[in-house]
Structures are given as C-alpha cells and as structure tokens.
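A.B. asks: Here is what each chain is made of, one letter per residue.
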Amino acid sequence: MSMYPIASYTVTNANTVGFNFTSIPQNFTHLQLRCFGRTTNASIGAYAYIYYNLDFSSNYAQHYLQGDGASATSSGAANQIGNSLITPPGASANSNVFNNVIVDILDYTSTNKNKVIKQIGGFDNNGSGYVQLYSGLYFATPGAINQMQISTGNGSVYWAVGSTFQLYGITTSSVTGA
Amino acid sequence: MSVFLQPIYTQTVGAGGTTLITFNNIPQTFTDLLVVVSARTAFAANYQYIQVLFNNNSSSYSATSLYGSGSAVSTNRNAQIEAGAVSANATSNTFSNVSIYIPNYTSSNFKSYIADGVAENNSTAGYDSFTAGLWSNTSTITRVDVSGAGQTIVQNSTATLYGVLRQGV
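Chains as they are written, first to last, in this note's numbering: chain A, 1 to 178; chain B, 1001 to 1169.
Derived from the structure by calculation, the hints contain no laboratory data.
Yeah, the Cβ is synthetic: ideal placement off N, Cα and C, and Gly gets one too.
Computed footprint of chain A on chain B; a stretch qualifies when at least three of its residues, placed anywhere within it, have a C-beta under 8 Å from a C-beta of chain A:
{"hint": "1", "segment": "1009-1019"}
{"hint": "2", "segment": "1067-1076"}
Which bits of chain B does chain A cover? Going by a derived footprint, with three or more residues having C-beta under 8 Å, they are:
{"hint": "3", "segment": "1022-1028"}
{"hint": "4", "segment": "1155-1166"}
The following block holds chain A by itself, in its conformation from the complex:
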C-alpha cells in the first residue's frame, strides 16, 4: 500500500479559525489532503485557505473551473496570499452540509519544483451548490513543504464543529518500467 495516513484534525472547538499540520514527514513523494469542512461565514459558500510553511506572503497563484448549477465560470489570480480551498458551505447553507474536497500536492519535498496543487470537490445544498476543479501554485523559492495551515482566513469566521481534515502521504516506485 502506498497511501499512508499522516495526520488528522477534527474540529471540536467552535472557535477554531485555523490549525496546522506540523512536522510533515519528508519520506513520501506526494501528499493528499481530504477535507470535509463547513464554516460560520454568513453566506452559503464561504472562503478558506491553505498556507504552506506558514508563508503569509504573496507567493501563491490560483485558478479554478467551477459550475454552480446554473453557469460555468473560470477565474485566476496571481501573487495571492495563500491558496483558496474549494468553497466550504457557510452558515446560510442547510444544516449538516459540509464540502468534500481532495487536494493533491505533488513532489512536496522537491527543491527543484514549485508546488502545484490540484483540488477537486464541492458541495451540494439541495437546491444550490458548487463543483470545482481548483489549481494552486506556491512559488516561493522551491523548498520542501513541512507545515500546512488550514484557515478560514478571517479571525471572526470559524470552522464548524465536525469539520475533519486528513493528511496522507503517497509513495512512488523505484522501478521504472522503461
């Protein structure tokens, strides 16, 4: 098996703005984060962010392809502070609705590559919703990722109790098959 659980975080404190996965082991090739989140933001769809190595500078870019049940859109932005996490539902969403997101981070220990992150996910609110393919770029001088912070990005917006986040490590092969 090449997919190993590294860490897990379940929100139990209603005042949780963010949390860190620290000391991420460096013995895998890729990382995968699985998110099941909801926030207290007043809207139906809220914002949330991933920061790497506690870097809160403008070292990120992102793009997305999104459908909301009525239209499809795409957008992008350079020089951002953090990568957006695929939209979690907010307080105006139906009760007990959380998003479901899979985040793939390739070659997270590489010192030759910027970190390119792919997210697939969304949520359905029984009448509205989002489905998104999200890409992120962390382009600080290439270095290994050893910490991740997952945050609502707003000190007065909290993760809903019951939100869960699992971090996995994925290995590759020493055989080439060439």
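Assemble the complex: chain A is given as a structure, and chain B must be docked to it using the hints.
C.D. replies: Chain B in isolation, oriented as in the chain A frame:
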C-alpha cells in the same frame, strides 16, 4: 484514490529531457490503473499538453473535455488522450499536476478513463481541464506512453503508474 494503491513504475526525466516516457510490461494483477504526471515541456508557450497512448496504439480514442483558462470556460471533443502541461514561458520551476484514471484495464471491454489536470502559472491565465474519454479497443492494456506531443518533456518531470486493487481482489 483507493487505499489499495500500489506504485508500479516511476520515471523521473533526467538532464536533456525526453520526448517519451514509456511504461512497459504492466502487471495484469490490478483492477484499475492511475497515471500521475508532473510535467513541463520545452514548448514556447505558457501551456501545452501531454499525450497518453495505450499499447503504443494511436487509433480509436475519443474524449470529451471541459477547460478553464482563468477567464473562460470551454468544452470540446477530440481524438486523443491529453491533459495540460506547463510549458517554457510559464513561471520557472513550475510543473503540471495531472491524474489519469483507467478502470478495468484488463477487461475485454472498451477502456474508459477520466483525466483531470492543472497547469499553473503566476498569472491570471491558467489551464485547468477535466476529461472523460474512451479507447475503443478490447485489448488489455500492457503499455502506457506519456509524450510531450512532439515537444521535449524537461528535466525533473515525473510520471508514476499506480495499480489499484478492488476490495476482495
């Protein structure tokens, strides 16, 4: 990804680059395959695409794709397996993040696949794609090729072939 995910082969492109990454002699003991690619090509643009072939066969592919450019959404149909790759004009040291999932690769049915990929750049423009495709061929898949569609895949690009086992296999 299944928890029953086994890395079969990995190739890392060395100095000078390559035009083709080939995985031969794929074991027939899994139920599904997953190809994960982190690639950058030498093509003089921000984005290009990588192309994937099964069994060194360039015929009988069809695909339906959805694209996001960072400002517009489009959809099209084409006759090859492709997913985005970062190219020479994009932010340096930046590569793509692509997954191609091929279920039932040993079956005698046609082979369906899905491909999702992102090619990043520190710009408002980007290249996100999502594809459902079909190889109308009943042969079991024994070889997978990843190419730069005529362009050089540069050093430090990687491709890994995983096997996925269903519960009970």
